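2 protein chains.
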Amino acid sequence: VHTARVTERTRIRRLPEKARTDTSALHALLDAAKVAHVAFVDGNVPVNIPVASARDGEGLLLHGSTGSRLFRTLAAGVEVCATVTLLDGLVLARSAFESSMHYRSAVIHGTATPVTDKVAALRAMSEAWMPGRWETLRPPTAKELAATMVLVLPLTEWSLKISDGQPEDPPEDLDAQVWAGVLPVVTSYGDPVPAPDLRGDPPLPAYLADWRP
Amino acid sequence: VHTARVTERTRIRRLPEKARTDTSALHALLDAAKVAHVAFVDGNVPVNIPVASARDGEGLLLHGSTGSRLFRTLAAGVEVCATVTLLDGLVLARSAFESSMHYRSAVIHGTATPVTDKVAALRAMSEAWMPGRWETLRPPTAKELAATMVLVLPLTEWSLKISDGQPEDPPEDLDAQVWAGVLPVVTSYGDPVPAPDLRGDPPLPAYLADWRP
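Taken in sequence, the protein lines are chains A and B.
If you're matching positions, the first sequence starts at 1 in the working numbering and goes up one per residue.
If you're matching positions, the second sequence starts at 1 in the working numbering and goes up one per residue.
Don't read these hints as lab results, they were simulated from the structure.
Bear in mind that the values here come from a model prediction, so they are computed numbers and not experimental data.
Ideal placement from N, C-alpha and C gives every residue a C-beta, glycine not left out.
It is possible that part of the hints are untrue.
Claimed, not checked - Partial chain A-side listing against chain B, Cβ under 8 angstroms, derived:
1) V41
2) G132
3) Y207
Unchecked claim - Covered, in the sense of this in silico footprint (three residues per stretch, anywhere, with C-beta under 8 angstroms from a C-beta of chain A), are these stretches of chain B:
4) 22 to 31
5) 78 to 84
6) 113 to 121
Claimed, not checked - Below, a sample of chain A positions facing chain B; criterion: calculated Cβ distance under 10 angstroms:
7) K18
8) A52
9) S65
10) G77
11) V80
12) L92
13) E144
14) L198
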């Protein structure tokens, strides 16, 4: 059984009952999300950038450009704190104070390093975001590979919080005649919008039907 | 016309054609999102926490607890970088390299300070997340107010990037017989799930029909 290594900076102090230490729950969140917020210290200023991300085994892949100053700073080995959050719903309690949100949030500390096999990493990211599509596309060119940076952040020092319960109103509030419960957030893909420069009549790929945002 | 104050740390270097400087676009994003990722330096370590957020005029309200060590650190006036991102779709190009995402992302630098009128701020947040509900709930108690911390981060030094275009494949890729276009992400609320301890038969509030996640 894989569990989180709890350190001083990953120990959850607030609402510890929402803390989760099972790696499977971490993986499920990282597989469901496509964006990580990656924070680091640049000089003495905190910087926090959204980065396209995908899990590959025990690492979080981060997709960027070799032309990006911030990404080069990451690659140089600065400490990062990458946070991945999905909002899953609203918790409507009888009071504003007890109202809250359903969410899943992972906080990962470490340093990100360039992957050794860039094509394999790009394929893994493509399959995570757009399963089935990679093999229908031409392979990346040498120039494209040179312009792309893929970093991997190991999933070793992390914490995970999941809020998925019903409102927990105190007894004295339960007689209030106000509706209480959970309003789930539902995310889906809408109708595909063809590119205006589409040539010929390539069919809509069948794999789209299986994609989930 | 309000526009962003562009400083060395908010000047967008990567994909500057996606940069936006109109305050109305910033406000629209902050109004549509409910979570900010707030990064700061704790000791010499970057910390990045998801915080429930709502815009109030020219400030971003951040909701936390007086019992939170990290929130007390924020309130002490450390520099923060708060980033708010929404994923709006996938851009399916003819190559993996040109494939990308639709997103809106705001990066705000500054320091957050406790609001002067906590009840007004809580009401503003409630109205942002759950419009119409505040007036149907009992007012907060003194104890609840003491346990709640609301900070405001001024919207003065920020950058905004919006990616909302179609794929931009080079001419030599346009004859590839692969479907290309945009797959929009659609977010909605699902069916409300009543709290199991609901007493009486309070009706489902009419305002729920107008809420958008």
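Satisfaction of the L92(A) interface hint, Cβ to chain B closer than 10 angstroms: holds, 7 angstroms
Interface hint for A52(A), Cβ within 10 angstroms of any Cβ on chain B: holds, 6 angstroms
Stated coverage of the stretch 113 to 121 of chain B by chain A [criterion: 3+ residues, CB within 8 angstroms]: Contact hint for the stretch 113 to 121 of chain B vs chain A: violated, 0 residues under 8 angstroms.
Cut-off 10 angstroms, beta-carbon criterion: hint that G77(A) touches chain B: Since the shortest Cβ distance to chain B is 13 angstroms, the answer is violated.
Satisfaction of the E144(A) interface hint, Cβ to chain B closer than 10 angstroms: holds, 4 angstroms
Closest C-beta approach of K18(A) to chain B relative to 10 angstroms, hint status: violated, 12 angstroms
V41(A) as chain B interface residue, shortest Cβ-Cβ below 8 angstroms: holds, 5 angstroms
Minimum beta-carbon distance criterion (10 angstroms), L198(A) to chain B: L198(A) check passes; min Cβ-Cβ to chain B is 6 angstroms, inside 10 angstroms.
Restraint check, 8 angstroms cut-off on beta carbons, for Y207(A) near chain B: violated, 10 angstroms
Verdict on chain A covering the stretch 22 to 31 of chain B, criterion of 3 CB contacts below 8 angstroms: violated (count 0)
Per-residue hint verdict: G132(A), partner chain B, C-beta under 8 angstroms: Constraint on G132(A) not satisfied, violated at 12 angstroms.
Given coverage of the stretch 78 to 84 of chain B by chain A, checked by CB-CB distance under 8 angstroms (3 or more): Three-residue rule met by the stretch 78 to 84 of chain B, so holds; n is 5.
Of the numbered hints stated above, those contradicted by the structure are hints 2, 3, 4, 6, 7, 10, listed in ascending order.
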